[in-house]
Amino acid sequence: MMGRGLLGIEDLDRDDIELILETAAHMKEVGERDVKKVPTLRGRTIINLFFESSTRTRTSFEIAGKRLSADVVNFSPSSSSLSKSESIIDTAKTLDAMDPDAVVVRHKVAGVPKRIADELEAPVINAGDGAHEHPTQALLDLMTVVEKKGRADGLTVTIVGDIAHSRVARSNIYAFTKMGAEVRVAGPPTMLPANVESLGVKAFGSLREAIDGADVVMALRIQRERLSGAIMPSVREYHATFGVDRAKLRFAKEDAIVMHPGPVNRGVELSHDLTDHRPSVILDQVRNGVALRMAVLYLLAGRPQPRPTEEEDS
Amino acid sequence: MMGRGLLGIEDLDRDDIELILETAAHMKEVGERDVKKVPTLRGRTIINLFFESSTRTRTSFEIAGKRLSADVVNFSPSSSSLSKSESIIDTAKTLDAMDPDAVVVRHKVAGVPKRIADELEAPVINAGDGAHEHPTQALLDLMTVVEKKGRADGLTVTIVGDIAHSRVARSNIYAFTKMGAEVRVAGPPTMLPANVESLGVKAFGSLREAIDGADVVMALRIQRERLSGAIMPSVREYHATFGVDRAKLRFAKEDAIVMHPGPVNRGVELSHDLTDHRPSVILDQVRNGVALRMAVLYLLAGRPQPRPTEEEDS
Amino acid sequence: MMGRGLLGIEDLDRDDIELILETAAHMKEVGERDVKKVPTLRGRTIINLFFESSTRTRTSFEIAGKRLSADVVNFSPSSSSLSKSESIIDTAKTLDAMDPDAVVVRHKVAGVPKRIADELEAPVINAGDGAHEHPTQALLDLMTVVEKKGRADGLTVTIVGDIAHSRVARSNIYAFTKMGAEVRVAGPPTMLPANVESLGVKAFGSLREAIDGADVVMALRIQRERLSGAIMPSVREYHATFGVDRAKLRFAKEDAIVMHPGPVNRGVELSHDLTDHRPSVILDQVRNGVALRMAVLYLLAGRPQPRPTEEEDS
Chain A
1 MMGRGLLGIE DLDRDDIELI LETAAHMKEV GERDVKKVPT LRGRTIINLF FESSTRTRTS
61 FEIAGKRLSA DVVNFSPSSS SLSKSESIID TAKTLDAMDP DAVVVRHKVA GVPKRIADEL
121 EAPVINAGDG AHEHPTQALL DLMTVVEKKG RADGLTVTIV GDIAHSRVAR SNIYAFTKMG
181 AEVRVAGPPT MLPANVESLG VKAFGSLREA IDGADVVMAL RIQRERLSGA IMPSVREYHA
241 TFGVDRAKLR FAKEDAIVMH PGPVNRGVEL SHDLTDHRPS VILDQVRNGV ALRMAVLYLL
301 AGRPQPRPTE EEDS
Chain B
1 MMGRGLLGIE DLDRDDIELI LETAAHMKEV GERDVKKVPT LRGRTIINLF FESSTRTRTS
61 FEIAGKRLSA DVVNFSPSSS SLSKSESIID TAKTLDAMDP DAVVVRHKVA GVPKRIADEL
121 EAPVINAGDG AHEHPTQALL DLMTVVEKKG RADGLTVTIV GDIAHSRVAR SNIYAFTKMG
181 AEVRVAGPPT MLPANVESLG VKAFGSLREA IDGADVVMAL RIQRERLSGA IMPSVREYHA
241 TFGVDRAKLR FAKEDAIVMH PGPVNRGVEL SHDLTDHRPS VILDQVRNGV ALRMAVLYLL
301 AGRPQPRPTE EEDS
Chain C
1 MMGRGLLGIE DLDRDDIELI LETAAHMKEV GERDVKKVPT LRGRTIINLF FESSTRTRTS
61 FEIAGKRLSA DVVNFSPSSS SLSKSESIID TAKTLDAMDP DAVVVRHKVA GVPKRIADEL
121 EAPVINAGDG AHEHPTQALL DLMTVVEKKG RADGLTVTIV GDIAHSRVAR SNIYAFTKMG
181 AEVRVAGPPT MLPANVESLG VKAFGSLREA IDGADVVMAL RIQRERLSGA IMPSVREYHA
241 TFGVDRAKLR FAKEDAIVMH PGPVNRGVEL SHDLTDHRPS VILDQVRNGV ALRMAVLYLL
301 AGRPQPRPTE EEDS
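Protein chains in written order, with this note's numbering: chain A, 1 to 314; chain B, 1 to 314; chain C, 1 to 314.
To be clear, the hints were calculated from the coordinates, so they are not data collected in a lab. Keep in mind that a hint or two might mislead.
Which copy? The list can't say, so a pair holds if one copy fits it or any two copies do.
For lysine-lysine, the following DSSO-like pairs were computed, each having C-alpha atoms within a straight-line distance of at most 30 Å [unchecked claim]:
id	residue 1	residue 2
1	93	108
2	93	114
3	93	36
4	93	149
5	253	37
6	178	248
7	202	114
8	93	28
9	148	178
10	202	253
11	248	93
12	149	36
13	253	108
14	178	108
15	202	149
16	36	114
17	248	108
18	114	148
19	253	93
20	149	114
21	148	93
22	36	108
Required output: the full structure, derived from the provided sequences and hints.
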């Protein structure tokens, strides 16, 4: 089981992941009904505690919670007033005293959700922390692959981009290797972490080689400011070398799918054409994101939570 | 019928407008109950996608959606991160993949709601786009007039202010002319569009003449920065010439009403006295706004929406 | 009774306070259920009108409203666009026309909630106005004391800090004196108002004396910028003189509790140790805050509200 929160895919075993995916498939069916709502979390409170702004992920969690009939409260402290980590923990403990049933945390610093989880009664869901993990993104990616391919086991998954600085890459590496896929990563040398093969993946300096025979090609969002410098001087050059387009895709399996966590820098990570059309499945990822987050909220906030007793030391 | 959204009054015919007004009258009755809520849109999701900040209109739509038991999600991207229209469409398509039942869009550029509507499964409601249209404002104005006067047909409606730059004026011109009213517009020459009479209205350079025998006097909000310049050098001069006060109102019909979309620049578009007292009906307009938006949401989001199928090209 | 709103503790009598505390105790029991929600305010609308940002208090009211099944709408106008008080009233009247059942107001200027209340149909709850009052904070403090001590009557309550600029101090002085407690205040001379003893309290320049035999020690949050100057030159010196720590606490009653409205400047108003551990009851205050605000919302928004009639002068 997931224990008392979802901080990273690294902590999950294959059974956890399968339970989440099965639950998510059921939740997706709810989202296709005329009345897209179940009373499962009625009377439960979910707090979206986003220290880093992310309207897309926050909206996905908010819609997920509301479709489960939870009360969802958004709390986005200005980062200026909370620069010291001490304040972060105090803020989280204050919210915890309002008895939420789950707290969804995003922060630009790796490890903050874990530090918060250590102090809280409520289960904590990591919605992205620095370059560490973004577990619900990896789970929705996995869900989408399983939906399209029937399984993850035995597939070849190529992740291309700034592997070193990407929590999406990290969580997906854990998720797909745990589920039996072969994971390859590709990117410019400055964007490949030195020890990446210790995570059980194969690293490539060439997308052409990495894509060879792949079932899934996942492009990561590039921070344009990282492209300045001698090795990869321009967006144009990045696209020529590591951008996914139909020409490069010819080396993948014929039925390969293309993924991206969004938002896409069109013409950079993906050609314009691939951003909008099959075999890219970007909007399926978004749609599955709501179902997947419903599943995670259900599994974590749906069970009776222990309440701190009156006399307990605070 | 309204088709798949509400982008402007220009697209509606008289039957559409009458259906909306009848529905709004019913919704207003709901708002007067002790429990101001009906289960009509339970399990439906409404997204308020406001690229331009507008707490008043956003709040009106939010309350309207909640009184219909819909889940309402506010999404206000910072305009800086979405300066390119490409991003706007991608953002909207991402939200669409979360299966909302209606998306309410405000943007400072005319035509953006239409461009978004062309790409989305969900019906789009224009909550104001540049100087183009603000259809729900015009409909709530029409609702208020019909409530006070029993009809719009045959009435004389005088709109005064910056006609050229006002989406409220444009939508109201369409709405009242379609319903059989005589519409007059008045303002300084720089604020009257050259071709305004082609919209079926009479243009006046003098408020005194335009107001003569009017049943309804509608003042528009002035952007103070537009008043600088030779022709209309000051707020004080604007008020003297085009501000509505009791002296000028004596030329209108005895039972004329005064309207304003709010917020009023007191002592500019309206005298202080008229801002707060009859015959102005400003707060009735606001109150009817909630009922009118309930009607529009009910008509657009209340019917089963087709869902994109799994295999459809995205 | 509380009349048509809750603007300050000064306006309440002992019966009002006891009714609120009894109702809050019941609401707290709701918050301890598995389904933390009652249908009491279904179909009622609560608007959080926060001119001054306060995510903690706003969140507490939002959760309180949602646990009563009310629709809660957050409205936070940028203070820049509303610098003139005229606009504030117009904004409030506009929201009032949307028929809310309660409006919760925070503003940095004392008296604004009262001015708004004078104009609105809906009951107004003051969520903090300048250095005037913060009544729900004092009531939740009182609730916490009664919960821990069985009563307020006959207790000695010491409030330490910037009494002169604190709405929390002011509201608590009213609340505890009305309930029969002896209230003492302590702080540097610049932070003690000249006429403070006219409020029925004893003033001390020394925490050591003020704390002697106290049942409750309440530290206030210090604005660090107020500490610059000759009399109290540094945070360190403030803590040495007026910060509450275990050494100073030895002069209070053995079972004394320590309170703080939060957020704590750790090591300034309270020692680090006391911030996190008994006898401080800071998180109990936060938890009781939700129950207390449920009680206030229930008492004010739960009864049928008169609606303005159609023809009434606006």
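Taking the hints in turn, this is what the structure says about them:
1. 93 to 108: both (19 Å within a copy, 26 Å between copies)
2. 93 to 114: within (13 Å within a copy, 33 Å between copies)
3. 93 to 36: For residue 93 and residue 36, the Cα distance is within 30 Å only across copies (19 Å; inside one copy 33 Å).
4. 93 to 149: between (43 Å within a copy, 24 Å between copies)
5. 253 to 37: neither (39 Å within a copy, 52 Å between copies)
6. 178 to 248: within (28 Å within a copy, 56 Å between copies)
7. 202 to 114: within (29 Å within a copy, 46 Å between copies)
8. 93 to 28: between (33 Å within a copy, 19 Å between copies)
9. 148 to 178: within (19 Å within a copy, 51 Å between copies)
10. 202 to 253: within (18 Å within a copy, 67 Å between copies)
11. 248 to 93: Classified as between: cross-chain Cα gap 26 Å, same-chain 50 Å, threshold 30 Å.
12. 149 to 36: within (26 Å within a copy, 41 Å between copies)
13. 253 to 108: neither (36 Å within a copy, 45 Å between copies)
14. 178 to 108: within (26 Å within a copy, 48 Å between copies)
15. 202 to 149: So residue 202 and residue 149 pass the 30 Å test inside one copy only (22 Å; across, 65 Å).
16. 36 to 114: Answer is between: at 27 Å across copies they meet the 30 Å cutoff, but 32 Å inside does not.
17. 248 to 108: Answer is neither: 33 Å inside a copy and 40 Å across each miss the 30 Å cutoff.
18. 114 to 148: Answer is neither; intra-copy 33 Å and inter-copy 32 Å both fail.
19. 253 to 93: between (50 Å within a copy, 28 Å between copies)
20. 149 to 114: neither (33 Å within a copy, 36 Å between copies)
21. 148 to 93: So residue 148 and residue 93 pass the 30 Å test across copies only (21 Å; inside, 41 Å).
22. 36 to 108: neither (33 Å within a copy, 32 Å between copies)
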